[in-house]
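Peer 1: Given next are the chains, with one letter for each unit.
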Amino acid sequence: MTTLAGFEPAAIPAEDEALRAEVRAFLAHHLAGLSAEARARSWAGYDPAFSRALGARGWLGITLPREYGGGGRSAFTRYVLVEEFLCAGAPVGSHWIADRQSGPLILKYGTEEQKRFHLPRICRGESFFCIGMSEPSSGSDLASVRTRARRNDAGWVLNGRKIWTTNAHHCHFMIALVRTSGEPTDRHVGLSQLIVDLSLPGVTVRPITDLTGDRHFCEVFFDDVQLGPEALIGSEGQGWAQVTAELAYERSGPERIYSSMVLFDEWLAWVRTPAGQSPGATRLAGKIASHLAPLRAMSIAVTAQLAAGESPVVEAALVKDLGTTLEQQIPAMIADDLASRDDVSQVPAELLATLAYVTRISPSFSLRGGTREILRGMIARGLGLR
Amino acid sequence: MNKSSVSEDSMISDALASLLADRCGADVVRAIESGSPIADLWQAISEAGFADAMVSESHGGAGLSPAAVADCWMLAGRHALPLPLSETMIARAMLTETAIAIPNAPIALGVGHHTPAGTLRAVGVSGGRTAGAVLVTAAGDSRLLDTASARSERCAFELDLTLEWTASQWQAAPRLGTSLDTRLAQALVLSVQLAGALNAVFQRSLAWANEREQFGKPIGKFQAIQHQLALMAEESFAATMAARIACLPAPNGATSSQGLISVLAGIAPIRIATAKARTSEAALQVAQMAHAVHGAIGFTHEFDLQLLTRRLHAWRQTAGSESAWHDRVGQALLSPGASSIDLLRIATDVVAD
Numbered sequence: 031m032t033t034l035a036g037f038e039p040a041a042i043p044a045e046d047e048a049l050r051a052e053v054r055a056f057l058a059h060h061l062a063g064l065s066a067e068a069r070a071r072s073w074a075g076y077d078p079a080f081s082r083a084l085g086a087r088g089w090l091g092i093t094l095p096r097e098y099g100g101g102g103r104s105a106f107t108r109y110v111l112v113e114e115f116l117c118a119g120a121p122v123g124s125h126w127i128a129d130r131q132s133g134p135l136i137l138k139y140g141t142e143e144q145k146r147f148h149l150p151r152i153c154r155g156e157s158f159f160c161i162g163m164s165e166p167s168s169g170s171d172l173a174s175v176r177t178r179a180r181r182n183d184a185g186w187v188l189n190g191r192k193i194w195t196t197n198a199h200h201c202h203f204m205i206a207l208v209r210t211s212g213e214p215t216d217r218h219v220g221l222s223q224l225i226v227d228l229s230l231p232g233v234t235v236r237p238i239t240d241l242t243g244d245r246h247f248c249e250v251f252f253d254d255v256q257l258g259p260e261a262l263i264g265s266e267g268q269g270w271a272q273v274t275a276e277l278a279y280e281r282s283g284p285e286r287i288y289s290s291m292v293l294f295d296e297w298l299a300w301v302r303t304p305a306g307q308s309p310g311a312t313r314l315a316g317k318i319a320s321h322l323a324p325l326r327a328m329s330i331a332v333t334a335q336l337a338a339g340e341s342p343v344v345e346a347a348l349v350k351d352l353g354t355t356l357e358q359q360i361p362a363m364i365a366d367d368l369a370s371r372d373d374v375s376q377v378p379a380e381l382l383a384t385l386a387y388v389t390r391i392s393p394s395f396s397l398r399g400g401t402r403e404i405l406r407g408m409i410a411r412g413l414g415l416r
Numbered sequence: 007m008n009k010s011s012v013s014e015d016s017m018i019s020d021a022l023a024s025l026l027a028d029r030c031g032a033d034v035v036r037a038i039e040s041g042s043p044i045a046d047l048w049q050a051i052s053e054a055g056f057a058d059a060m061v062s063e064s065h066g067g068a069g070l071s072p073a074a075v076a077d078c079w080m081l082a083g084r085h086a087l088p089l090p091l092s093e094t095m096i097a098r099a100m101l102t103e104t105a106i107a108i109p110n111a112p113i114a115l116g117v118g119h120h121t122p123a124g125t126l127r128a129v130g131v132s133g134g135r136t137a138g139a140v141l142v143t144a145a146g147d148s149r150l151l152d153t154a155s156a157r158s159e160r161c162a163f164e165l166d167l168t169l170e171w172t173a174s175q176w177q178a179a180p181r182l183g184t185s186l187d188t189r190l191a192q193a194l195v196l197s198v199q200l201a202g203a204l205n206a207v208f209q210r211s212l213a214w215a216n217e218r219e220q221f222g223k224p225i226g227k228f229q230a231i232q233h234q235l236a237l238m239a240e241e242s243f244a245a246t247m248a249a250r251i252a253c254l255p256a257p258n259g260a261t262s263s264q265g266l267i268s269v270l271a272g273i274a275p276i277r278i279a280t281a282k283a284r285t286s287e288a289a290l291q292v293a294q295m296a297h298a299v300h301g302a303i304g305f306t307h308e309f310d311l312q313l314l315t316r317r318l319h320a321w322r323q324t325a326g327s328e329s330a331w332h333d334r335v336g337q338a339l340l341s342p343g344a345s346s347i348d349l350l351r352i353a354t355d356v357v358a359d
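For the record, the sequence lines run as chains A and B. Each residue of the first sequence is one higher than the one before, starting from 31 at the first, in our numbering. Each residue of the second sequence is one higher than the one before, starting from 7 at the first, in our numbering.
In case anyone wonders, no lab produced these hints; they're calculated from the structure. Just so you know, even glycine gets a beta-carbon here, dropped at the ideal spot from N, CA and C. Treat the hints with caution; some may be incorrect.
As the list claims (entries may be wrong) - Chain B stretches covered by chain A per the calculated footprint, using a threshold of three residues with CB under 8 angstroms from any CB of chain A: (1) 24-30; (2) 61-70; (3) 90-102; (4) 123-132; (5) 185-198; (6) 323-334.
Said to hold, decoys possible - Negatives, chain A to chain B, calculated, CB over 10 angstroms: (7) L34; (8) K138; (9) R154; (10) P309; (11) S320; (12) L368.
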């Protein structure tokens, strides 16, 4: 049973803290001239050249072993890197999933051959991954997936469709949760994870325009896609357990507290000016920081649990629910502050454009990676109520 | 990974936990709130040495840091302890350094002001009614005054008192060698006590949801109640983290803590500000949700929940509510050259061993 053990304050080791100056110099150079509105996209921002530049610096797959091209460093190293990337609004979307969870998943469950093939490419920023979980009829009820892989002499034949797949149109591979035996009514039994090469015949990717006008998520169709036997990652039938472990990585990271950070900083910069300063804005700035601070400490506490080899699934759910709630409140509160001013014409256009984007994208904060309602159910289970 | 507690810390908090379980039940809390003397409870606590936990070893105390006594402060909140033990720990440590005689009674902390009439008035002294003395800071001057000789007025919370001394009483009172920022010190201990009370309220609500049956099953089986409890867990854990971090030494360069010298050395004011703000916000949320989960029974005088939820409201309003501390954090964030991520690091980083 998954239980809620609590959060122990943890220190980021000095050798990881030492990376910040180097990372900041790199970002100052690479992000020069990028508008705040563009930077606000951050881990939804697609820039393969930037990903390759990070790879060349050795900053992708930093937690993966050196023998597979990784950095051989700890979860704390990645925390520092990612925190700096997100706060600066670096366009980390292309490699985000591969670096955060696909790489660690392949390292944990993959065969030697799979590791040798995929991990070095991930670390160089050449191979991008997406997550194939949701389907048109399987959203929060993930165990009801219908996409099916059937064994044949050549390996697996894949049929079905996935939806809301972030960046599928730019990715090389999808790690898909599919049914390999039984029926949807068998729920958690009979599910497996497959690495799907998205360039294969029978794969169709259709981008979906979101309400901001961006095309970052997709619908992916599989029609008799022939996969080799090596497509299976981990054990056949263990897909549910593997996906659950993967979600601890997906839910507790800095991206669950910093999605509105570029907007917050852009607003703070204006509030520091004579035209922008006001007592109400000072109070609001303090309120937001007072919420961010313990969340950051909790996120680092979960990182320490991950680094110790634990699987803090419930703690991660708690951080994500609390963090994404704050991420959504930040644009709402900043909008109220700005629109309460006597002379709104003083507000810089770029700040307003950034606010508009973050306001519109913010509903996704508590949808992607598990909805608020699902997470609260997981917390309740961790409390022993289910 | 650097854990904040060492075995010695848990020994002292384990001892206090068992003493409070034995001597500070709900009946004792109610009796003292109604005016019964604190003598038995105080004697048990002071004889066991808890009041001297932060007094330096050279002065006969245990010389413990805020991090080492944080669990004790947490227990004071959890047990609705009706006397200001946490404040007494800090006051005694300060007083021994200036060689001021220690009264055998709890010492409250107060912020005072000189009135036009020439008196010294401390409004809403937390725990003032059960304290024998108050360490009052007024205009940068910290002095120890006894409560018995003061003119007093009752406050909204039963154990608080507004106290007023004559100019000559103030002048005659022993003076600390250094000024203590009593509001900041009290914000620190109250944020930790709030965390203790928040966790107790949350755990009581969880237990009640498992116990109370309606529609043929425990109410905790209903999704609406489960989500309320999930939110209470989030608020309690976040507030507790903020309070615990505030008690830990801050990274270098963050500890210019004027008025917190020696006793609270290494503690950063920005972390206290964050902690008092976050615990105060959580206090309101958790108190509301706890009463919603408990229904009418939780609203009775007889049921113990009210002992804690009244404290959540009282402590939220003592030593500055969330907005007061939001202002302070906001000022730090808006100062020239400040960076939000670097301020967050100062506000949260744990120093590696």
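Peer 1: I'd like to know which numbered hints this structure contradicts. Please list them from smallest to largest.
Peer 2: Structure breaks hints 1, 2, 3, 4, 5, 7, 10, 11.
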